[in-house]
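> Each chain, letter by letter, is given below.
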Amino acid sequence: MTEIGIRNVTKTFHVRDAAEPFTALSGVDLDVRAGEFLALVGPSGCGKSTLLDLVAGLTPPTSGQILTDGDPVTGPGLDRGVVFQQYALFPWRTAQANVEFGLEAKAVPRRERAARAREHLALVGLNGFEDRYPHELSGGMRQRVAIARSLAFDPDVLLMDEPFAALDAQTRESLQEELVRVWQHTGKTVIFITHGIDEAVYLGQRVAVMTSRPGRIKEVVEVAFDSREGDLRADPAFGEYRHHIWTLLRDEVAAAQVQEREVAISHG
Amino acid sequence: MADTRAALPGDLHWYDLPDDEADDSADEGAQDDARPPAARRRWLPAWLRRAGVNTVAVLLLLAAWEILPRTGVVDPVFVPPLSDDLAAWWDLLVTGSLPEHLGASLGRSLAGFGLAVVLAIPLGLLIGWYRPVADLLTPLLELFRNTSAVALLPVFTLILGIGEPAKVSFVLYACSWPILLNTISGVKTVEPLLVKSARSMGLGPFRLFQKVILPAAVPAIFTGVRLAGATSILVLLFAEMVGAKAGLGYLILDTQSSFRIPDMYAGIITISVLGLLLNLLLVAAERRFSTWRTT
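Residue numbers (numbering that gives the first Met the number 0), protein chains in the order written: chain X, 0 to 267; chain Y, 0 to 294.
These aren't lab readings, by the way, just hints derived from the structure by calculation.
All residues carry an ideal CB built from backbone N, CA and C; glycine is no exception.
Where hints are given, some of them may not hold.
[Unchecked claim] A few chain X residues that face chain Y, going by a derived Cβ cut-off under 8 Å, partial list only: (1) A55; (2) L57; (3) P75; (4) G76; (5) L77; (6) V81; (7) F83; (8) A87; (9) P90; (10) W91; (11) F100; (12) G101; (13) A104; (14) Y132; (15) H134.
Using the sequences plus the hints, can you model the full thing?
This is how it looks when you write it as structure tokens:
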């Protein structure tokens, strides 16, 4: 199990034809505990995905540090698996071959690859769909394949960028349930980005709320239920968490909308 | 779509129909329109209807080719009836002169086309993958691809003479463009998210190219190869008309100038059937290599 430290991280981008660099994140501090499921919510454009890219090592921070178990992140690696909103499956590979992709990158022997891919497809409920191509699968199934792919190479950390946002409500709920089950089963550290407050409260042990751009962590809310049995969303405590986070987000969303309008005006 | 409409016939309006269905109703009785489209379609399998629609125009052309000269509507001296042309074609085949010309043409086409495949694909991959190379060569590529290969034929004959090397390299040159340009765009238009996803799994530039860029570009490359196949025959014919002692282009021009008109049409028929077959072959190959493409 791996803990993640995000220490005073700032990320700026140089925008073409702009005098000043664009500040996406400014002084983000966040500690994710080993084996924790952390949900990250924030208004659109607050830099949630940028933060995830930094933890994945896809881009370096402008200043500050990202640590996994105390070691600075220097680039992408198979100790962290990313699940994207748009699935990012390789369309020329079958479900099975997609799951094997990460195992090839990890140089797992061929025979073991096939077995592990099958095993992880079964874990996400896709046995019997090994030979289907992505275009032959529904959106929910594709995301299951993507999750299986990220689990198969056994990363310590799972980074999920609004993975269920493109799915319909029913598929989303069933995948949320399965994700909780898989997380409990594997004990991985998960950072889960969402713009859905319900989703964050349902999934997260803690919910980190971000401010509008430049993004910082506004508050981290501990979410604990006496029992997860039955209809969790109907639990009065669920409503309280939901309302608390909604209140935290409301001002930020308003601020983000003002920003967007200003940008639109200055560009128009 | 069709199912919903079938369930709610009252909601069906002519302006809701997609164009293909509007076409379907055109050749059927007006009373059929009252029935929902799903039921209306079942009387003939779709593929059979398609095959019928696809061949009807060709059959009409062939019939006109036979009948119009025979009835004197067109001059049978310049356009002999189809049956005469086919008879001439048979004679040419039996005397061995057609196989000889066909062989000469095919040899040149395939040599130029094959060389283009071997040279242009790697070059295109290189240009598409290395940004600096692309920036350097793009203006030059734009210039050449907008210059008709045929305009450069005199240059080829000037430098390489009128022998085989000139013709093969002319075909090679013309075939290279569609392959090159499609390969470059195939490499450049790989979905960035796939690249990001592969990078997140720690793939370096070489593995990324081998496992993501190359397979993603295969359909585009094959489109280029198919276009080049058609090009190879088109431009070769032209080269053979300018200076050659054998080949279908030579046959067509030579028979025309010596007024063996049915023989000329025999050559033309051969070339169009050859082009058609080559295209079918390459379309099949293209499908085979891009089954995963959903569009």
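> So, for every hint listed, does it hold in this structure?
Tested hints:
no., hint, in the structure
1, A55, "holds, 5 Å"
2, L57, "holds, 6 Å"
3, P75, "holds, 5 Å"
4, G76, "holds, 5 Å"
5, L77, "holds, 5 Å"
6, V81, "holds, 4 Å"
7, F83, "holds, 6 Å"
8, A87, "holds, 4 Å"
9, P90, "holds, 5 Å"
10, W91, "holds, 4 Å"
11, F100, "holds, 7 Å"
12, G101, "holds, 5 Å"
13, A104, "holds, 5 Å"
14, Y132, "holds, 5 Å"
15, H134, "holds, 4 Å"
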